[in-house]
Amino acid sequence: MSHEFELARTWFLSGRRLDMGELAAALSISRATLHRRIGSRDRLLGEILWSLSSASIAHLLPSCVGRGTAGIADFVSGFVRSANESPPFRDFLRREPERALRLLTTRASVCQQRTIAELESLLSTEAKAGRLVPPLPVPDLAYLLVRIGESFVYTDVITGGAPDAGKAHAAVTALLS
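Heads up, the final residue of the sequence shown is numbered 959 in my numbering, and it's a clean run with no missing numbers.
Think of the hints as simulated: they come from the structure by calculation, not from any bench.
Misleading hints may appear alongside valid ones.
Simulated restraints, written as ranges between beta carbons of each label pair [said to hold, decoys possible]: (1) P921 <-> S810: 43 to 49 angstroms; (2) P919 <-> A808: 44 to 50 angstroms; (3) I940 <-> G821: 36 to 42 angstroms; (4) G848 <-> A808: 44 to 50 angstroms.
We treat Cβ as the ideally placed atom computed from N, Cα and C, and that holds for glycine.
Could you put the whole structure together from the sequences, leaning on the hints where they help?
Shown next as structure tokens:
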């Protein structure tokens, strides 16, 4: 990881809003140089969010493989729980809700695309081993399960309700049972 990325990630984790001008100044480079090295603010935020998501996935996957529906439900709800219990993530969501939803839930989202790919891999592994009978084609199912998880991460922003990993677990279990 680059020095620019590491500093930006440190700021994000401390709850600091990422301002590209301030970041460039802290690195003693111009904004143009910063942009050339790491891209736009949205791209940088997406990669920071993915770095947090991928760490959560790496932590969750070993306990989920080999368990079929229960493992898939635990993966989705664990991912939701991890996001809901992350103060830097929740701060970002409160501070910039529209940007957060755009970066995390649209086709522009590296997080969503990569999370779908990770879940698709897990679903394929479980289906090939005979531990899961997918009710939909695996790519569609992975997308749907990620959207279910997102529903229970962004509940407060979307409907005003409380984010709830338990509801995500119940929804995934119902869909796969």
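Tell me the numbers of any earlier hints that the structure contravenes, in ascending order. The structure breaks only hint 3.
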